[in-house]
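Engineer: Sequence:
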Amino acid sequence: MPSCTDIERALSAPQLLEQAAAICEQRGQRFTPMRRQVFAIVAGARSPLTAYNILDKLLASGTESAPPTVYRALDFLLKQNLVHRVESLNAFLPCAQPRVHHDCQFLICTACGITEEVEVDGLMNRLTRGAKGLGFSINEAIV
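Quick note on numbering: the working numbering labels position 61 of the sequence shown as 108, and the sequence is numbered without any gaps.
Mixed in with the good hints there might be a few duds.
[What the hints assert, rightly or not] Per label pair, the in silico range of CB-to-CB distance:
no., residue 1, residue 2, range
1, ALA143, ARG173, 15 to 25 Å
2, ALA113, ALA178, 34 to 44 Å
3, PHE183, ASN137, 17 to 27 Å
Since the hints were derived computationally from the structure, they do not count as laboratory data. If you're wondering where the values come from, they're calculated on a predicted model, not measured in any experiment. Even glycine gets a Cβ: it sits at the ideal position worked out from N, Cα and C.
Model the full structure from these sequences, guided by the hints.
Structural biologist: Listed below in structure tokens is the structure:
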């Protein structure tokens with residue numbers, strides 16, 4: 048069984064950044080320097096980062112910023128499916144499949160915080176059918 052340090056992302060941070068820039072260009076969206084910098088910080092992290100973690104890294108790199116600026120950049124990245132928000136941590140990580148919106152859950156190591164995205168489309172389909180049969184509709188699912 049591999050250890051936490053053996054886990055590698057499918058794409059490196061520079062590859063994720065290149066992919067994000069291409070996606071924004073294809074969609075006609077502006078990948079501004081601040082959006083790019085926030086995404087680069089998220090993509091380079093081994094575990095999910097909070098907005099304040101990101102702000103700290105921006106300030107440490109000499110970039111003057113404030114929480115609203117970071118939140119606006121994260122909002123853009125979320126809308127473009129470039130990052131996910133891990134609800135339980137109120138933190139962000141890069142999306143493994145940013146070209147398509149998809150349902151997923153996250154496996155989070157309690158020892159080191161490394162987080163992996165797991166697709167759960169089949170599970171969500173079953174939950175949606177079950178909820179519909181009971182007269183409910185699922186707006187959001189957090190496991």
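Engineer: Looking back at the hints listed earlier, which ones does the structure fail to meet?
Structural biologist: No numbers; nothing is violated.
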